[in-house]
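Visitor: Sequence:
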Amino acid sequence: MTDSFWLVLAIVLYFGLMVAIGFYSWLRTKKYDDYVLADRGLSPFVAGLSAGASDMSGWLLMGLPGALFVAGMSELWIVIGLFVGTWANWKWVAPRLRSYTEVANNSITLPSFFENRTHDRSRLLRVTAALIIIFFFTFYVSSGMVSGGRYFESTFQGDYMTGMLIVGSITVLYTFIGGFLAVSYTDVVQGALMFLALAIVPVMALVSLDEPSQIFSFAAENSYGPWEDGNPTYFTMIAGVSAATIIGNLAWGLGYVGQPHIVTRFMALRSPAQAASARRTGTFWVLVCYIGAVFTALVSTVFFAQSPHSVTDQAGFETIFLDLARILFHPFVAGVILTAVLAAIMSTMSSQLLIASSALIEDLYRAVSKKDPSSTALLVLSRVMVVAVAVIAMVLAVNPSDTILGLVGFAWAGFGAAFGPVVVAALYWRRLTAPGALAGMVVGALTVFIWGSSTYLSDIIYEIVPGVLVATAIMVAVSLLTQPAAEVDAEFDAAVAVTEHASRHPEATFDEALEAVRRGDTPGNHQTTRPV
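In the UniProt record's numbering, the protein residues as written are 1 to 532.
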């Protein structure tokens, strides 16, 4: 049998498993809240792995190894920033966001939480947040479509458009069918595949080298990839790198707080106390995956110097992981390993499609509709919007004008600046007002768009840095000039008290923790006996 047969068999089996999970989830999706947030029923293991898998798109197995291969260890500042951001997000945002979103009128989306948290009656905050989600997620989903097309180019030497359409269609299918449960359960399978692939491929590539120790010196002294005489600064994280570049790369970690497809997992936990267990799962998974991506780049500098034309992508070198697997393993084993790349691409795309669909239906359509549609109607509309967003993203991906890392970086910065400061302030600063949140959100998004669209400015520093700084300053200033709604204090105190009670009594459900707070069965000065 030909190599292509085994590769196709492995990928078809993977696609079949994803669709089967979609149908299983469909059987458990009875109402609209199930489709959007799984009725807040995720276990900590599923939440931790799902958040990691939905975060790490094709960028983890394609964009990051490619960037490390070309530029060297200076790109590690991104990895450090993201790892710290992952841990901090689970530590300080997850438990309180889980509590506050339910205390604040059971908010099931980030825009609805902003509105309910500030008691904004104008709908402007919610609608603006939804529009920002739709805009930036269109670019983000497009990066996944690009990854899918390049995956098929490398794996089958096939057509970019065909690959993009196949990957996009399967992702849309299981998201369309099963909603949040399908996205979360497929994330677990996809996360496990990514974990195993990033642990196995670099090790096998290293073993295949005549002198494995060369990986720690070769790139600085020898011709490889885009470097004819080697890259003398390859192994240094500081030499030849400006302070602005280091700050900008570390600042990727700032973006975590504002990513809707990640923080939604926090909102879906069964209780705030489970954030600690989910944090341990998620950060361990991320750490191993990052180590695997770094060693993929290191080994590839030596491996592909021996056969430079084996790399499919000779421009950005974003296919080195795919090419290693294709060369090193039996076609069926390679096919199984290569599904990890599909897993990374599809897990992120499915989460983003669902969040964009929720923004369109929950935060735009329901916000302006004069009557509340039935749960069945909302389910149908949500599924239609999943397809609509995917089609637009496919159109944008037909002729990609940027690298995968570039597309992801722009969208990541947009969410980080627009939503990050608002999320932190909403959870930890009772003085936040609706006008302040709206001003910060708009200014953050605009700053990223203007800065990122300027070649001159984006070369100075990554756009998330000015975006977060300007958004925070405007949000604080406007909030101090306006007054918060009268109901905010009681809800803020209750959310804090529920989170603290849950941390001391991890066996308690959210409802039990909230009831204990209402009875005043919790220490502290939170005035928790006021009505919630």
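In case anyone wonders, no lab produced these hints; they're calculated from the structure.
A portion of the hints provided could be inaccurate.
The calculated lysine-lysine pairs, modelled on BS3-like cross-linking and capped at a C-alpha distance of 27 Å, are [said to hold, decoys possible]:
1) K31 - K371
2) K30 - K371
3) K31 - K370
4) K370 - K30
Distance ranges between label pairs, derived from CB positions [what the hints assert, rightly or not]:
5) L196 - R504: 33 to 39 Å
6) A192 - L9: 15 to 21 Å
7) T236 - N106: 23 to 29 Å
8) S122 - V380: 27 to 33 Å
9) T482 - T509: 42 to 48 Å
10) K370 - D3: 58 to 64 Å
11) S208 - E228: 20 to 26 Å
12) T236 - L481: 43 to 49 Å
These numbers were taken from a predicted model, which means no experiment stands behind them.
We put the beta carbon where it would ideally sit given N, CA and C, even for glycine.
Visitor: Does each hint fit the structure? Answer for all of them.
Guide: Hints, one by one, checked against the model:
1. K31 - K371: 18 Å, holds
2. K30 - K371: Between K30 and K371 the Cα gap is close to 22 Å, so the pair holds against 27 Å.
3. K31 - K370: Since the Cα atoms of K31 and K370 sit roughly 21 Å apart, the hinted pair holds (cutoff 27 Å).
4. K370 - K30: 25 Å, holds
5. L196 - R504: 33 to 39 Å: Because 37 Å falls inside the window, the suggested range holds.
6. A192 - L9: 15 to 21 Å: At roughly 20 Å between Cβ atoms, L9 and A192 fall inside 15 to 21 Å, so the hint holds.
7. T236 - N106: 23 to 29 Å: 51 Å, violated
8. S122 - V380: 27 to 33 Å: 29 Å, holds
9. T482 - T509: 42 to 48 Å: 37 Å, violated
10. K370 - D3: 58 to 64 Å: Since the Cβ atoms of K370 and D3 sit about 59 Å apart, the hinted range of 58 to 64 Å holds.
11. S208 - E228: 20 to 26 Å: 25 Å, holds
12. T236 - L481: 43 to 49 Å: For L481 against T236, whose Cβ atoms are near 47 Å apart, the range 43 to 49 Å holds.
Consistency note: the structure conflicts with the earlier hints numbered 7, 9.
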